[in-house]
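> Using the sequences and the hints given, assemble the complete structure.
In our numbering, the protein residues as written are 25 to 1004.
Keep in mind that the hints were calculated from the coordinates and are not lab data. None of the hints are false.
So the derived label-pair ranges between C-beta atoms look like this:
| id | residue 1 | residue 2 | range |
| --- | --- | --- | --- |
| 1 | 871 | 818 | 28 to 34 angstroms |
| 2 | 550 | 293 | 38 to 44 angstroms |
| 3 | 801 | 990 | 35 to 41 angstroms |
| 4 | 439 | 82 | 30 to 36 angstroms |
In the PhoX-like style, the derived pairs of lysine-lysine whose C-alpha atoms are separated by at most 25 angstroms in a straight line are:
| id | residue 1 | residue 2 |
| --- | --- | --- |
| 5 | 844 | 804 |
| 6 | 652 | 641 |
| 7 | 907 | 982 |
| 8 | 153 | 844 |
| 9 | 641 | 723 |
| 10 | 207 | 96 |
| 11 | 982 | 877 |
| 12 | 268 | 116 |
| 13 | 907 | 893 |
| 14 | 893 | 844 |
| 15 | 541 | 564 |
| 16 | 907 | 877 |
| 17 | 652 | 619 |
| 18 | 893 | 804 |
The C-beta atom is built at its ideal place from N, Cα and C for all residues, glycine as well.
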Amino acid sequence: MVNLSVRDSQQNQTLTEATDWNVIETVFDPAQLHHKETVFTISNGYLGTRGTFEEGYPGDSTATLINGLYDKVVISHTELVNCPSWLPLEVKVAGDRFSMDSGEILNYERRLDLRLGILSRDVRWRSPKGHTLDFHFERFASLADQHVLAIRAQVTSIDFTGEISFSVGLDSEPQTQGVPHWKVVNQGGIEQIIWLYNQTRHSEIQLGMATKLVVEGENAPPVCLENANTSPTLTTTFQATPGKAATVEKIVTIFTSRETEIPIAAALQRLADEPRYATLLAAHIAAWEQVWQDSDIIIEGDRYAQLVVRYNLFQILAVAPRHDDRVSIPPKTLSGFAYRGHIFWDTEIFILPFLTLTQPALARNLLTYRYHTLPGARRKAQEAGYQGAMYAWESADTGDEVTPRWVPHASGNGELVRIWCGDIEVHINTDVAYAVWHYWQTTADDDWMHDYGAEIILDTAVFWESRVHWNAERQSYDILDVIGPDENHDRVDNNAFTNLMVRWHLQSALALWDWMKQAYPEKSAQLAQQLNLTTERLHKWTDIQERIFVNQEHSTGLIEQFEGFYQLEEINFADYEPRTTSLQGLLGIEATSQKQILKQPDVLMLIYLLREQYDYKTLATNWDYYTKRTDHTYGSSLGPAIHAILACDLNQPTHAYTHFLRSALVDLEDVRRNAAEGIHAASAGGVWQAVVFGFAGIKMTEFGPVASPHLPPTWQRLKFRLQWRNQWYDFDLRQETDMEIANQPADENLPSSQPEIQGVIFDLDGVLTDTSELHYLGWKRVADEEGIPFDREANDAIRGLPRRETLMQILGDRPVTETKIQEMMERKNNYFLQLIEEITAADLLPGVENLLKELRAAGIKVALGSSSKNAQTVIQRLGIGNKFDVIADGYSVSQPKPAPDLFLFAAEQIGVAPAKCLVVEDASAGIEAAKSAGMWSVGLGPVERLGIANVVLPSLEKVSWQDLQQQLANSQKSAVLQEA
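Below you can see the structure in the form of structure tokens.
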């Protein structure tokens, strides 16, 4: 079973998956509340709702965001407004209100079904009065009808006889991060229907919501209306007996004045016509089935990757607007408040390729948004003193620039920080044009290009003519004072990404103009007059694209990111490890700008977008130079997917997989510690590109898409389909043979078939000493005291697991409170501590002491990588503490093996690249962790348990360092990433 461990969970909370389609949470951890609200977001292209509980929870961040529904706010100009919540549903059992923070949670599961678009929750709850009941909640935002939302709640008594009451309502005046945007125009109810009529305070957008409560079953209790004029609520009460279920349905409709003149009338009319929950659900499921038919990706051999890929695709497919071409996809989708719901280049560069090639109608909607915002782009250009159209770096409903120029300092010291992006991050113009061009090339949608796209490409090209400066000294055109994709460096001159994308833009605009004149002479004549496309202007475009400045070494192909980049200070990234924030966060904005530290790929981003223009040597040279200068872990979430694709172009699928996981897990695993703010939409779109353009190696030709796969070694099959010029192409790629990972000169940090080991990481139990017997005795004593069967055979099955996971395996299905779990773990640890008091140097396993001496003599760094929180004590008692450069133990990281975190942490501490590390382990979970980290591995024990290691030995007895190196060199298995 795939295990998606969640960072920083005190309870080792996990998201697990059983069918490759479900994200499942089995332990509720309040510390992860906001992160999981993001993870369990559901959307339908019209609105998105965070995964908060129907009954609420203290401190939760409830949010429903409707795309395009903006209202005025200070500093950021405008923001997407938190809409009235449709979720409120309260259950009381004998007067006790059900909630996750009261009573006792005996069993818990929350599930997001990606295939069906359904969020559900099952809870076995013991009320404060001691009554036990099963709760099942299920909800969806209809993909078949974007104005319909539905919740189904069922409560089944286990041992309770008495009253169970349900009440539902609507949250009339929510705030958006403390800002009130709504005023209530009217609210009320009649019979089993209530409604709410609101209006935003500044933009005066009206919203109408209506809901009804439907009770299931024969002799169903009546529905009562309460507080009709102040806080309309619908209630019903069941008489419960053990084994009997009480079920209610909450059907909600919602409209705004963006779609209809009188939204409350539309909501009430739609609600009156709506069928029961089951019928609505069937239509919703059918809609999702159709979407997945064209957009699914099938991966065999790596269930971990299968699930995380589908999760990322789900979030893009769910949020893409289906019936509105005046909105786009915000960087946090409709799942959070960060970036205020503004629109960036994320949509065009990272999200649109997926939709263009699988859901072109949705891609067309998103691009048409840019057509509707051309007037705002023209206003921005004029205000800045330029010609043509200058797209906003942050756009909203009108296309006017909404990037704040000054924001309060993050420290709260009262200072203001100047934000230059809205003024000078001008590559957004080429980003939009690039997306328009590639949509046209992929779909052959000449009508859309005629009606919308041509004007976008041409008028943004007009802007560039006025933005360049002639440099008489070197006879070239400069673009000065800009920000490229790497935002760690602002106000730079001749950013290579910007300049060379401008060259591409002008070349494409000239080619488009030639086509327009032939295909649509009347339209071209209209545009020539409208945009002042004179012969002189077109000649100027030709001159600019031919003579725009770029600093590229002819012999090597190395491109300078911007003028003066080579003169910036170089740093050793390892000096700043370990860390939990970006290097800019550690060093400060000004200090970072003076160093060669990239927030995300810049030159490499250019090479990716214009892949057909650059050869292998140019890519390899720039890869070698810029990847080691990039903050991969805490820089921009936009970077890893691009690095994954380029690593595949360099025939490095193993290394690509590392970058791919950084992108794919950014929300599920909260790898950047900011998932609480909302889904990383650009990263999600990048995941699709990494799989299709990277691992599948898809390239577009004049005859259609072709594949040149670089599948990760564990992937046995990769299947997907693409639509190119109205024809579907189905790709079914398989791992024909074991993939050999070549040692490409383009990346010195990749494992090769002749390993250059610079660091060795030892596990503790079963490798250096045998404390597994002591662990067994400790658990055996606890199990005996609790009357739970536990023997050596059961112990072997859980070998190598961390403490909590071991206890969960021992307990099986037995219901145990969290307090009891903590007590049992503490009891076992005390028994274990008593037992290790007897350990001495004599307990060191044969061969260990000699091997440690040889490694020290050879200059090899040595680390301990043990999940045990008692590792320090054991090492000291064994008398080998001075043989280790670093000790990484159960306190070092939050995610246990088979996650790679512990070994990656150890490698960072000793300053050795993962590909140059060797792990010595006796547990299969440890070998999997080594593989996931991209490290070499030696397994000690039976081949049946450790067969995926590069080398398997019975023990370290009589094993020399020279022998070990030779066995690794002879191994046919290079270090590969496998599912964690």
